[in-house]
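Please model the complete structure; the sequences and the hints are all you need to start from.
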Amino acid sequence: MIEIDGITKIYDGKSVVDDVTLTIEPHTVAVIVGTSGSGKTTLLRMVNRLVEPDAGMIRLDGEDNRTIPGYELRRRIGYAIQGHGLFPHRTVAENIATVPRLIGWDKEKTAAKVRELLTLFQLDADLFGPRYPHELSGGEQQRVGVARALAAEPNVLLMDEPFGALDPIIRAKAQDDLLAIQKHFGTTIILVTHDMNEAFHLADKIAVMDAGRLLQFGPPDELVRQPATGFVEAMVGASERPFRLLSMRRVSDLAEPGSADGSPIAATVTQQDALAELMWTGRSAAPVVSSDGEARGRVTLEALLQRARGPK
Amino acid sequence: MRALPYLLRGLLLALLMTFLLVPQTMEPLLRPLAQSNAPVIYNQGSLLSLTVQHLLTVLAATSAATVVAVSLAILVSRPAGAEFLPLSRSLVNIGQTFPPVAVLALAVPVVGFGEKPTLIALFLYGLLPIFESTLTSLTTLPRAVVEAARGTGMTGAQRLLQIELPLALPVILSGIRLSVVISLATATIGSTVAARTLGEVIIAGLQSNNLAFVVQGGLIVGALAVLIYDGLSALERLTVARS
Chain A
323 MIEIDGITKI
333 YDGKSVVDDV
343 TLTIEPHTVA
353 VIVGTSGSGK
363 TTLLRMVNRL
373 VEPDAGMIRL
383 DGEDNRTIPG
393 YELRRRIGYA
403 IQGHGLFPHR
413 TVAENIATVP
423 RLIGWDKEKT
433 AAKVRELLTL
443 FQLDADLFGP
453 RYPHELSGGE
463 QQRVGVARAL
473 AAEPNVLLMD
483 EPFGALDPII
493 RAKAQDDLLA
503 IQKHFGTTII
513 LVTHDMNEAF
523 HLADKIAVMD
533 AGRLLQFGPP
543 DELVRQPATG
553 FVEAMVGASE
563 RPFRLLSMRR
573 VSDLAEPGSA
583 DGSPIAATVT
593 QQDALAELMW
603 TGRSAAPVVS
613 SDGEARGRVT
623 LEALLQRARG
633 PK
Chain B
19 MRALPYLLRG
29 LLLALLMTFL
39 LVPQTMEPLL
49 RPLAQSNAPV
59 IYNQGSLLSL
69 TVQHLLTVLA
79 ATSAATVVAV
89 SLAILVSRPA
99 GAEFLPLSRS
109 LVNIGQTFPP
119 VAVLALAVPV
129 VGFGEKPTLI
139 ALFLYGLLPI
149 FESTLTSLTT
159 LPRAVVEAAR
169 GTGMTGAQRL
179 LQIELPLALP
189 VILSGIRLSV
199 VISLATATIG
209 STVAARTLGE
219 VIIAGLQSNN
229 LAFVVQGGLI
239 VGALAVLIYD
249 GLSALERLTV
259 ARS
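Chains A and B supply the protein sequences, listed in that same order. Heads up, the first sequence is in our numbering, so the first residue is 323 and it goes up one at a time. Heads up, the second sequence is in our numbering, so the first residue is 19 and it goes up one at a time.
It is worth saying that the hints were derived from the structure and are not from the lab. Each hint should be verified, as a subset may be incorrect.
[As the list claims (entries may be wrong)] Heads up, incomplete: computed chain B residues facing chain A, CB under 8 Å, no partners named: (1) 52; (2) 96; (3) 99; (4) 137; (5) 158; (6) 163; (7) 165; (8) 169; (9) 171; (10) 172; (11) 173; (12) 181; (13) 184.
[Stated by the list, open to error] Simulated coverage check for chain A against chain B, where a stretch passes if three residues somewhere in it have a Cβ under 8 Å from a Cβ of chain B: (14) 386–399; (15) 409–420.
[What the hints assert, rightly or not] Estimated spans, in silico, between C-beta atoms of each pair: (16) A:430 / B:175: 24 to 32 Å; (17) A:385 / B:160: 27 to 35 Å; (18) B:134 / A:460: 37 to 45 Å; (19) B:96 / A:428: 27 to 35 Å; (20) B:157 / A:425: 57 to 65 Å; (21) A:327 / B:115: 32 to 40 Å; (22) A:449 / B:157: 47 to 55 Å; (23) A:517 / B:160: 45 to 53 Å; (24) B:175 / A:517: 32 to 40 Å; (25) B:161 / A:517: 19 to 27 Å.
The structure displayed is predicted, hence computed values, not measured ones. Yeah, the Cβ is synthetic: ideal placement off N, Cα and C, and Gly gets one too.
Now the structure itself:
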């Protein structure tokens with residue numbers, strides 16, 4: 323659990339982060355969104371004390387993060403940034419082994435961990451381990467950057483626009499990989515982005531910041547249905563609201579008994595994808611099947627539209 | 019065609035070694051430059067020992083300049099030392115702008131004739147290129163890399179030794195290379211205050227109006243500079259390839 327309690331950071335007499343309080347539950351993904359200059363990156367960097375706050379306290383599992391030296395704290399917290407920041411003079415394997423080496427893991431344990439992570443990120447360990455970062459594609463570099471952040475099995479992973487430099491297709495893949503890995507390790511993730519689609523895709527809870535202040539912190543659903551301020555509403559995007567609602571849930575939630583014609587829709591796809599499929603094929607209902615091909619009833623256009631409706 | 023530069027350097031090295039080890043072989047070439055009854059090959063000492071002495075002087079001065087300039091650049095590129103940046107820069111600049119001849123003139127009354135004033139002059143003259151290149155490379159490292167080094171929990175010393183210096187090495191080496199070449203040429207004036215360098219040959223030639231002496235002294239220094247410059251460039255490329 324990460325408790326951010328009344329945190330303030332002042333640069334040149336101006337509050338960049340202004341009395342922010344929020345609590346992030348363990349094993350969840352919290353996404354901080356805001357325009358540039360909103361203080362979201364500064365807030366993130368105060369969690370691992372790359373920036374020292376001027377007021378307030380941050381507790382990790384109940385312990386003040388100032389009880390140990392900054393560098394020791396940072397070895398326990400994963401950190402991945404935009405542009406990956408891989409060390410160009412070290413191989414992929416050495417890059418991933420950075421923190422294990424700093425905290426004195428033995429060679430066998432480190433090597434096994436490097437191999438496990440590379441495999442988990444779908445990179446061939448024998449092929450990629452000895453390569454240098456400049457020999458990798460942007461997407462591969464980014465994956466190695468996240469692998470490095472996870473090498474010492476941190477409970478908390480901080481990510482500062484980690485997918486900002488990737489093209490849309492690779493970015494979507496990287497986001498799905500991140501969710502899979504988060505489930506695998508149960509890591510608590512705080513991710514900063516200015517991309518609302520990314521936020522809605524990844525977040526258990528979204529924090530919206532503007533001019534150093536936290537405007538709202540809640541589940542994506544709540545941000546759409548009950549935006550705290552006009553700014554939050556604008557960030558969510560008025561014309562996007564119904565689609566955001568649909569993008570958060572799976573088809574399986576809306577499946578009802580019955581049958582329909584045409585090609586079936588997988589129960590695991592989002593409701594937004596199901597709506598798109600129905601609109602595209604001109605149907606008012608489609609059969610739903612689970613991943614192992616078992617029939618799960620049907621999903622109707624009416625149910626989808628009902629689900630996408632805002633509050634009266 | 020790609021072998022040609024290596025071939026030329028090999029040839030130059032061979033010529034230089036021949037000249038230093040058996041100077042008499044070059045006599046026919048230099049003969050036209052000397053007056054009829056004057057000696058053609060420098061005869062007041064061994065060319066080989068002068069060359070070795072010349073190189074040792076440059077090595078000592080450049081090593082000292084490297085240690086001081088690199089340490090100073092590291093110091094002022096840390097947050098704690100940032101306020102010393104303008105001061106260090108002025109000091110190093112004075113070292114460069116002060117003519118080595120003037121340094122010799124000022125140093126002789128203090129430390130006497132011989133190697134010492136030459137070493138002082140070369141040391142001061144060699145600081146600037148190394149200091150500036152080290153400082154530039156340390157302060158222009160990719161931001162994301164430096165940030166990542168902090169983010170992974172490296173201490174200040176670990177960041178410097180494991181990340182910053184290895185990445186800055188190629189540029190630091192280019193500064194050292196520049197400094198070495200300047201020193202190789204400048205060391206010759208050390209012989210005006212009785213330092214044993216190849217300048218002795220040139221000065222002897224000037225005093226006895228013997229062009230052959232002047233040319234052989236100059237050519238040896240020139241050949242040394244070219245070969246050492248190339249050697250250090252190759253070393254630099256090696257470090258770039260690794261990073």
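> Taking each numbered hint in turn, which are not upheld by the structure, reported in ascending numerical order?
Replying inline: 1, 2, 3, 4, 5, 18, 20, 21, 22, 23
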